[in-house]
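2 protein chains.
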Amino acid sequence: MVGDETWRIRRTVADLDRLGETESIFALGNGWVGWRGVLDEGAPCGMPGSYVNGFHERRELSYPEEGYAFPQASDTVVSAPNAALIRLWVDDEPLDLRTGTVRDHERVLDLRAGVLRRETEWISPAGRRVLVRSTRLVSLPRRPVAAVRYEVEPLDAPVELRVCSDLLANETVPESSDDPRAASVLTDPLTGEAYRADGLDGVLVHRTERSGQRVAVAVSHLVEAPDTVAVTGDGTPDRVRVTVAGRLHPGQRLRLTKFAAYECTTVDGTPVDELADLVMAEADAARADGFDALLVDQRAALDAAWQVADVQLDGDPELQQAVRFAMFHLIQAGRPDGDRTISAKGLTGNGYDGHVLWDTETYVLPVLTYLAPAVARSALSWRHAHLPQARERAAELRLTGATFPWRTIGGRECSGYWPAGTAALHVNADIADAVLRYLAATDDQRFLAEAGLELLVETARLWHGFGHWSDSGAFHLHGVTGPDEYAALVDDNLFTNLMARRNLRGAADAAERLSELAGRLGVDSAEVVGWRAAADAMFIPYDSGRGVHQQAAGFTEQPEWDFAATDEDDYPLLLHYPYLELYRKQVVKQADLVLAMQLDPGEFTADEKARNLAYYEARTVRDSSLSAAPQAVLAAEVGHLDLAYDLFAESVFQDLEDLGDKTADGLHLASLAGAWLALVQGFGGMRDDRGVLSFDPRLPGRLDRLAFNLRWRGDRLRVTLSPTEARYELPDASADVEVELWHHGEAPVTRPMPQVPDPGPEPPSPPGRRPTRRSAD
Amino acid sequence: MVGDETWRIRRTVADLDRLGETESIFALGNGWVGWRGVLDEGAPCGMPGSYVNGFHERRELSYPEEGYAFPQASDTVVSAPNAALIRLWVDDEPLDLRTGTVRDHERVLDLRAGVLRRETEWISPAGRRVLVRSTRLVSLPRRPVAAVRYEVEPLDAPVELRVCSDLLANETVPESSDDPRAASVLTDPLTGEAYRADGLDGVLVHRTERSGQRVAVAVSHLVEAPDTVAVTGDGTPDRVRVTVAGRLHPGQRLRLTKFAAYECTTVDGTPVDELADLVMAEADAARADGFDALLVDQRAALDAAWQVADVQLDGDPELQQAVRFAMFHLIQAGRPDGDRTISAKGLTGNGYDGHVLWDTETYVLPVLTYLAPAVARSALSWRHAHLPQARERAAELRLTGATFPWRTIGGRECSGYWPAGTAALHVNADIADAVLRYLAATDDQRFLAEAGLELLVETARLWHGFGHWSDSGAFHLHGVTGPDEYAALVDDNLFTNLMARRNLRGAADAAERLSELAGRLGVDSAEVVGWRAAADAMFIPYDSGRGVHQQAAGFTEQPEWDFAATDEDDYPLLLHYPYLELYRKQVVKQADLVLAMQLDPGEFTADEKARNLAYYEARTVRDSSLSAAPQAVLAAEVGHLDLAYDLFAESVFQDLEDLGDKTADGLHLASLAGAWLALVQGFGGMRDDRGVLSFDPRLPGRLDRLAFNLRWRGDRLRVTLSPTEARYELPDASADVEVELWHHGEAPVTRPMPQVPDPGPEPPSPPGRRPTRRSAD
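Which chain is which? The protein sequence lines are R and F, in order.
Per the UniProt record's numbering: the first sequence = residues 1 to 777.
Per the UniProt record's numbering: the second sequence = residues 1 to 777.
Derived from the structure by calculation, the hints contain no laboratory data.
Predicted model, so just to flag it, every value in this text is computed and none were measured.
Heads up, some of the hints might be wrong.
For chains that are exact copies, the list does not tell them apart, and a pair is met inside one copy or across any two.
[To be verified] Cross-link-like lysine to aspartate or glutamate pairs, in silico, EDC-like; alpha carbons within 20 Å at most:
1) 662 x 65
2) 662 x 66
3) 662 x 569
4) 609 x 17
All chains should be modelled from the sequences, with the hints used to inform the complete structure.
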């Protein structure tokens, strides 16, 4: 691989049999609009998808056996009208890569330009050779705007070309549910409210029937072609089409540029006509500025983003490319404006029904807090905006404070299996943790007053009401599910207890600091005392005989998993063993306790970390994409740098190599974010759990250099690690700025890299479940 | 109430607004055929139902979130064609108690005659007064046969009468599921395969589409009426109808007697024509013998049954009636021939989808083993016949031996909520317990060899493979659900552990006794040694601080339920609190540990029983009909006779007073059986857990006398308790028979009643949850 390729992702004709995966990898988005990387012509296609953040339908859920407070409906992401489609006919034969002869076909995702380029040389079944080029972007600086420039030219002989540019609602999607009621909701989910087709302009406005949402999409076209072509436009409630047709000779070129704009509101929000006017104006404005201007702005936005987000990693170009791919998708996933969050798949696919899970707060926001804090704030404001539903849910569950949903789009609980959904109360502490981290990194007092305090208070109330005191004076959280989904309904899950403690203390600190505001939330000093007492008495399950912490009370006394009797084909275990077996045995899906050591490192001694890692690594199978990153962080901290390196590679290659065979449903944003955490918290040794930044770096043998940036209270900190030294700089700061939070107030500073002490033999993974070895390549 | 009423259940016009409940109470059955007590004319009706034991359809199950080995389909009871219907038109106006004037209406279930009698005097809207009488029976001695004698006479003036006797398939039933797929399966579930209508005879043969079952029903009629009436017969695939019509004068009477016969097989069993011939012959034979002969035979069969089953209870005639009602339905529920079992509702309704649960082995068979051992054997043979499915299920669950379903009709697991279904593995030990009890009571060596040994061996294998050894050398069963459904997925549920221990030991004993046969099942001495070792090391969770056993490990350390904050309207709790709250707190639905003390009494000292009862009574709410009986048994044993009496009353009145508001779905056979257990094991103090009978009787203050019978190894033992003495007799035995198992080999024998020692204050129930006080009436 040449160096330059680290800024590109390339797929050729050979990848046409992995369309779904490629569509996710080539997805473009800006945190508001997302287009999957479907071919311009829309077919062949793995799964179409053009999303607006938060736009969804609701579908009923039914249970073979009902239970109190089981969610009766689930939010499900549905596609907004698709403006990316451009179909081509060559002498009346449709361009379809499954027909004719594909002489050349390549698509390139350009990570610096922020565009998807395509070049196809195709000979039609009748023998007409054409060259098709397209460039697609979803504008980072212009929230509603996406655009495609599409060019076609005949190569050998004159041909009749017809290019149809569609804006299409209710595209046919593969069935995603075996429940006929769900399928009926998700087939043609949009109801047309208005359409306009006026020459090169068009608008569709649709609503959903159950979730009460309205989406409007406008398209505006620019045609550059010989005079011989004719342009027509027409529309129906579900489609606006602009057709450009005519005879072209070799040397002549037809170029169609389409500018689209997306807006979404509720049906009782902006009226239909007004919304149609708005999107049309946005699309027209983009056309007026021109595609080249969009390209320039896109590049500028990305340059700014990369200045912070780029991670340089010398010694392994494949990994360098993969890391940039990961960071590109994180840049695309969120927005600094408004209060929208980032779902597990972002806007890259409909996996998990488009739901937001704890991944956002625990994997994605810890990265964005340091790279793009306004995006983290936006996502946390989204949680705050859904506090009313979380309070309602807590009341329904007969709990105190607020209970945020395990899975949702619109704010209500959508989990259909409560032992691994509603019972996973840690999501509330995860949100509080993300708030505390954001506040520590930004000192954003306005956010604290407007949203942060209330989030901390209401989640602290949950824990205080949920827990109970034992005779011995310890505070316990019983009957919850931690991050590990191979366990459920356990007592005193260590991760949950530690995170709840952080939550209680964070809320107490904030309430004391803003006592007047806290008072308006009903917090008095007695309540704060109660939170602190519960936090101080929080039970920490520990097996003194084995010298390891327990993932939950009694975990280490559960039966061991019989790895010797487990075949390679038996993984992932959840597809081959019942929960009955998984739950009661010492086998781990998500690296639960290891993640606790990552997020609350000060609660464990170095020896405990080493022993815990060894114990749990031997019991953690590679069945969740969420495990590798925290395992990498802890393996690096303990000194198992080869293992850490391989785990980091597993995290960053999750989608580029489709390790879980699920990339077609959308990218694993948590895993991609985890790659940054593995580098920065693992090899960089960065920690932030006490509201201060600290670094304890160590470089794996395969890397010659690792450089990354962080934002800290408005400044950019640049860290560069080599085998011999660690350099800390504030490249943008004036001379008198000091970052007193790291390395004794001196900045910039260069320090020698310490020798990593020999951590002893690498902890064994379960047989066959060690991450693929990359460290020794 | 006059004494005679204790043999009758009477409902009048006042009960017409509780039709569903009355239909269950008036259900007739013989363990093969069951007719709900719907009015002859079929309307008004709570829920129609005419069942054949085991006849069912299968419907798909779907889950919001799938899991490995979640059952994909569920058996559901569906009605066989209904032969009970007889409709009347009076001058072209249909008899319908909701119209015209009901001058008099009464139905009486005669518990000695085994018939349901009805007498209605009705004035039609046009003013015609008629008297209608009917007598209905489902023949106990003749398995396929049910019959109705229907009489109508004009009272004031001549009228045109038309009587239509229907045999009707696919009767309209109220929707039982909100799942449209289930509804579509259960609407018109029967497909006609053949029908015959030949004058007064008719047959319908139907099959189910998914479960592959075939049912055939024949009707044969006898008409006794003035010559002026005309008789016609006609049929369609779903209906055979015989119509008798003509003008009758006051003093004249029209009598129609219908004889029906039911058979059921699989679609690859008896061919359609052959089955049709068979049921027609059976119906014709019944008609040839005549209704009076059926009545005589019915009475004889019941006389024989009552000789053992009747319990005499002097001092509380309402309870005497209720006990007889309970015993009547137990007599009706099973059959001594074939291998059919008894579902939770018997053949009295479609509650629980008609499923068989652990209630059968743990509540119903302990009664039938002593009253009608052949019926118990039949039900256990049904389990044995489904061993192949239980072995398949164990393999699917990656467990050893056999895993019987939590809910089923056809033998496969139908539970749609695995934490309270599949995880309730104790059903396997419950089956083994029923086998051991049956063997101890009957010494039936043939059953042991043909079925019992294999049942014991395969269930023992389950426990041995499922459990694990702790470092301290104890054998544990983790991650199971015990009887209490307000807890789930617990470690070392005491009930399960004790029952599994009985299972392991019982299997070991049987395998050693029949070592050659056991060898053919693959049992060698090492396996038996393993079973004994596991049994001997079985962990018994005990809280030494509180001096009580733990329902499961850690139970007594769980948070307490806040009864002070629980309103009367919050019961049953499962409709007002999430499992999240119920599971982790000390609140009990089914009296789990108390049941363990009933079934394995030798494992607890008297003091432990008293302390355990007090501890768990305070935490057990009245949300399950399964709790009262074991609580009554233990309350009696401990000496709280008033509490025991009130609990007994709750158990026996469950349906007659519709305490759970569910009687319309069918009777609670476990609760009715529990009433006998409360009397015999509670006040009689009978115990059988060591394979020997023993009695420790004590009479509650409200009773002057309690007399009951038991079969023990072929003999009938009669026990009569008065405040002063207990008499034990073998009324049927020749003089030289000795029952050496009770009271030192002396039989008959009379003993003084001991003084019950003062047990101290009654253990408090949760506020408002004590059973209704009857003891002090």
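Results of checking the hints against the structure:
1. 662 x 65: between (30 Å within a copy, 17 Å between copies)
2. 662 x 66: between (30 Å within a copy, 17 Å between copies)
3. 662 x 569: Within one copy, since 17 Å is at most 20 Å while 47 Å is not.
4. 609 x 17: neither (44 Å within a copy, 69 Å between copies)
Taken one by one, the earlier hints fail for this structure only at number 4.
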